[in-house]
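From just these sequences and the hints, can you work out the full model?
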Amino acid sequence: MTETETNMTRPVLEARGIVRRFGGITAVDGVDVTVGQGEIVGLIGPNGSGKSTMVNLLTGELAPDKGTIRFAGKDITGVAPYRRARLGIARSFQMLRMFTSMSVEDNMLTATHIHMKRGLLSSLLNLPSARAEEDEVRARARDLLAMFELEQFAGRPVTALSIGQQRMVELARGVLSGPKLFLLDEPAAGLAPPNVDRLIALIKRMRDEFGISILLIEHDMRVVRELCDRVVVLDSGELIAEGHPETVVNDPAVIEAYIGKGWSRRAQA
Amino acid sequence: MKHLALFAAAIALLALAPVVLGGHGLSVMTLTLTNLVLAVGLNLVAGYCGQFSFAQAAFFGIGAYTTAIMSRDLGTGVWINLPAGIIIAGLFGLVLGVPALRVKGHFLAIVTIAFQTVVYLTLVQWTDFTGGQNGILVPGVGETSILGIIRFNVQSLDSYYWLTLALAAVAIVVAWRLVHSRLGREWIAVRDDETLAQAVGVNTTTTKLSAFVASAAFAGAAGALNAYTMRTAAPDDFTIFISSIILAIMILGGKGTFLGPIVGAFILTIIPESLGEFSRYKMLFFGVLLILTITFLPGGIMQLVRNARTRRA
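Chains as they are written, first to last, in UniProt numbering: chain A, 1 to 269; chain B, 1 to 313.
Just so you know, these hints were derived from the structure itself, not from any lab.
Note that the Cβ used here is the ideal one computed from N, Cα and C, for glycine as well.
A couple of the hints might just be wrong.
Covered stretches of chain A (in silico footprint by chain B; criterion: 3 or more residues with CB under 8 Å from a CB of chain B, positions within the stretch not fixed) [to be verified]:
(1) 100–108
(2) 123–129
(3) 193–202
Label pairs and their in silico Cβ distance ranges [as the list claims (entries may be wrong)]:
(4) B/A114 / A/A189: 40 to 46 Å
(5) B/T295 / A/L125: 38 to 44 Å
(6) B/V288 / A/R222: 55 to 61 Å
(7) B/I113 / A/A132: 43 to 49 Å
(8) B/T117 / A/D32: 17 to 23 Å
Pulled a few chain A residues facing chain B out of the computed Cβ check, cut under 8 Å [stated by the list, open to error]:
(9) T59
(10) A111
(11) I114
(12) L120
(13) R173
(14) S177
Rendered as structure tokens:
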């Protein structure tokens, strides 16, 4: 038990003994990952170490060959992706995904359908109750767009925005869906340095103001160091280190995984 | 509100058509409005939800044969047969939707062609039930009333035209509400990115099925009424060629746009029917136009409209 693990309350996410094979290759080999309430956990590792496979297993796009995933106390191992989203798992994608024919605002609104209480029929008939709910959701979407400094783009086609801005839409959309856990798959990829600072601040706010627990896959070590309470390191599908970011990045096994054996000996010298 | 006023004005104008048009002109207009309902319906599944379908004429036929068979065997009138046609076509939409969930793109197109073919062959071969190649004669709508209050007699060409216009108006309003509801946004989400749709909590299975059902229900309504207008239901009105025409209407007008299939229906029904002597070549005309549109103007006429607007802005 590491120090942080004993400190945390009941974990939001608890993945135990996860195994996933693709033909003869074992992409994820008996990995445990837990994310505590309000915790920001980093998932790092060199390319091909199984991070993205792990994310897809957690969101349900892939099914594990072995192991169980518990979320908010429930076993969700065989549960479909859209149901996991409804239970409160939001995600962002390594390769940016947007509803490309929609406006920024409509992109946001699709994430709120899961919480709409008014039935489909009242939406079809455009009843006052449904309209009121839609207005309320729009107001919340506007507030979040303001937080992400996107409010002036609400009515624009989402594809008219820069990649960096679309990344922000992706985060705002995730927050709007009111998740308990947000899986961020390389959110800093392709961002200019000043935007990385903003991203770090925004992710902190997502945790502090919205109480969202976060699993962060990231290559930018500055982001990992500034945000993560705990880091899990994968290499060739196996968990090779876990702990506080500063401890982990100095771990010889981790250095070796990233830059190879020769280098690690020299780094230690 | 501006939309609603324009819509009401357009319907009022169309309602005056029998004043100026003769028998042939009015038949063409009735066909235009029928094609409009079919194309607006197809646009729901193919345009908004992104699920290609070559089977719209099959659902059109299922609606028509519902009217024909129910009139023949049960003696029911239009206010029973029309909703029955909608429901039965909708159920068959579900039948097509379930296998269609497993395939995408070209493979989905092939599945819908297969469905279209099976329905056509059933109509031709199941002679005892469908009347085979000769089809079934359908009595006129005759004297009827809405809830016993508004009484009218549907016999003349004019009255069938008005009835079809009423159906088209209702279809447009229903389609507008569908597309601008939560469900419509989910259809578009599925079309744009299925993986992302699931990630934000959209049940893509039921969303796709709902689009297939809605699309088929529109065709069922058109068919149930068209059987009265034509006074017959015969299999050759429900071939894959008709499906292709409806597809061409949607694509030329602009798939995934609200006005596209409406504009397309007027252009692609009225022009070929006005070719007179040359109308026998209309399939050639549709084919060439479809190829040209897909190649040079994939967004259809509505793309031209949009381009013109952005240039002005």
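Hint check results:
Counting residues of the region 100–108 of chain A whose CB falls under 8 Å from any CB of chain B gives 4; the rule of at least 3 is met. Judged by the Cβ-Cβ criterion of 8 Å, the region 123–129 of chain A is covered by chain B as claimed, because 4 of its residues qualify and three suffice. Note: the region 193–202 of chain A has 0 residues with beta-carbon separation from chain B under 8 Å; the three-residue rule is not met and the coverage is violated. Taken as a hint, the range 40 to 46 Å holds for the pair B/A114 and A/A189, whose Cβ atoms sit roughly 44 Å apart.
Under the hint 38 to 44 Å, the C-beta atoms of B/T295 and A/L125, about 41 Å apart, fit the expected range. For B/V288 and A/R222, the Cβ-Cβ distance of about 60 Å falls inside the hinted range of 55 to 61 Å, so the restraint holds. The hint said 43 to 49 Å for the Cβ distance between B/I113 and A/A132, and at roughly 45 Å that hint holds. Taken as a hint, the range 17 to 23 Å is violated for the pair B/T117 and A/D32, whose Cβ atoms sit roughly 54 Å apart.
Against a cut-off of 8 Å between C-beta atoms, the interface hint on A/T59 holds, since the closest Cβ of chain B lies about 7 Å away. Nearest Cβ of chain B to the Cβ of A/A111: about 4 Å, under the 8 Å cut. The hint holds. Restraint check, A/I114 versus chain B: the minimum CB separation of about 4 Å is within 8 Å; hint holds. Hint status for A/L120 relative to chain B: holds, with the closest Cβ pair at about 6 Å, below 8 Å.
A distance limit of 8 Å between C-beta atoms decides the matter here; for A/R173 the minimum to chain B is near 7 Å, and the interface restraint holds. Here the hint on A/S177 is kept, as its CB sits about 6 Å from the closest CB of chain B, short of 8 Å.
Checked against the numbered hints given earlier, this structure breaks hints 3, 8; the rest are met.
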